[in-house]
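> Please construct the entire structure, taking both the sequences and the accompanying hints into account.
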Amino acid sequence: MAGLACLAAFSALAWQMRAQERYAIRVHLEEIATNIRFNLSDRVQDNLDAMERMAGRWTRAGGMSEESWRQEAAAFTADQPELQAIQWANPDYHLAWVEPLAGNERVLGLDILFEPYRAQAVRQAVEHRRTNSSAAIDLIQGGSGFLTYFPLFVGERFDGLLVGVFNIDTLVETSVPADYFRSAALVVQEAGRDVDTHGTAARTDIVSRRTVELPGSVWALEVYPTQALFADEYSRTPLAVFLIGLIVSAGLAAGLHALRVGQIREQQLSEEREAAVEALERGQQRIELGVRGSAAGFWDWDIAKDELYHSPRLVRLLGGPEEPVVSTSATFAGRLHP
Numbered sequence: 295m296a297g298l299a300c301l302a303a304f305s306a307l308a309w310q311m312r313a314q315e316r317y318a319i320r321v322h323l324e325e326i327a328t329n330i331r332f333n334l335s336d337r338v339q340d341n342l343d344a345m346e347r348m349a350g351r352w353t354r355a356g357g358m359s360e361e362s363w364r365q366e367a368a369a370f371t372a373d374q375p376e377l378q379a380i381q382w383a384n385p386d387y388h389l390a391w392v393e394p395l396a397g398n399e400r401v402l403g404l405d406i407l408f409e410p411y412r413a414q415a416v417r418q419a420v421e422h423r424r425t426n427s428s429a430a431i432d433l434i435q436g437g438s439g440f441l442t443y444f445p446l447f448v449g450e451r452f453d454g455l456l457v458g459v460f461n462i463d464t465l466v467e468t469s470v471p472a473d474y475f476r477s478a479a480l481v482v483q484e485a486g487r488d489v490d491t492h493g494t495a496a497r498t499d500i501v502s503r504r505t506v507e508l509p510g511s512v513w514a515l516e517v518y519p520t521q522a523l524f525a526d527e528y529s530r531t532p533l534a535v536f537l538i539g540l541i542v543s544a545g546l547a548a549g550l551h552a553l554r555v556g557q558i559r560e561q562q563l564s565e566e567r568e569a570a571v572e573a574l575e576r577g578q579q580r581i582e583l584g585v586r587g588s589a590a591g592f593w594d595w596d597i598a599k600d601e602l603y604h605s606p607r608l609v610r611l612l613g614g615p616e617e618p619v620v621s622t623s624a625t626f627a628g629r630l631h632p
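What the sequence shown shows, in my numbering, is residues 295 to 632, in sequence order.
Check the hints yourself; a few may be wrong.
Claimed, not checked - Beta-carbon label-pair distances, calculated as ranges:
| no. | residue 1 | residue 2 | range |
| --- | --- | --- | --- |
| 1 | 500 | 557 | 46 to 56 Å |
| 2 | 362 | 405 | 22 to 32 Å |
| 3 | 403 | 525 | 22 to 32 Å |
It is worth saying that the hints were derived from the structure and are not from the lab.
Keep in mind it's a predicted model, so treat the numbers as computed, not measured.
Note that the Cβ used here is the ideal one computed from N, Cα and C, for glycine as well.
Here it is in structure tokens:
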């Protein structure tokens, strides 16, 4: 029982140490998730603010020439890698201008109302005269992304829309420091569907969740620990404590067992000593009896006939009559050692 109690104590200590390490992982993961959420939100908002300013300049100027528009759009996309393209859709909802044009030629003339979910986002933006965004989509240019729509009104005249084409994967990469993905794996979801992933999760039962709001959509962020984070936070100390406890418990159990065996052996030896002493005392009494009896001596011993002639005193000590007795050596020995 003492060995088991010792092992239980060391096991509890090792478990507590491991629990502290798991708590440290959760705290670290919560910190990373919070930073990712703020970084993504800030990056998206910076892009939206910049494009709203561009739309405002269009509105105040009563429109823009294609050359001026391209210069501004080119400068903006060059500074924002996640902004794959800026487009202008004319009042008929067809894409007339695209910057950069290289790699985006296929979208020229595209009807931005050709898909129901895009059409809904466009109509809401125009109807409410405010920025709106589409759900995550597979971009015609390639990759997964989303579109933001900025309605243009000159007075009451609808002058088309500015359309921002954002690549989600690039947005995450430019928003989140690269070293975060050493410790954390990120899954971006929209309406329960994965739209982007970064890193490889070591476990999925430990997760930190955050949300990022977009105009017209909400992203759910799930952040999981990677193997590197476990390697950073987990130590071998809990295992060492458990092994030490195992060794100490085994040693304690072995020591107690040896002590118990020794006690049993000591008791056996004590009983054997007592029995030997009693036997010795009985032998000594018989020897003393023989010595006292031999004080009178034998009268005679005829070896050829094996006849002993005892003195009356010896016979009396051996429990016989007081007169001389003639017996054999075997009879005499039987009386001495019954």
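> Please flag the earlier hints that this structure goes against, numbers listed from lowest up.
Those not satisfied come down to hint 3.
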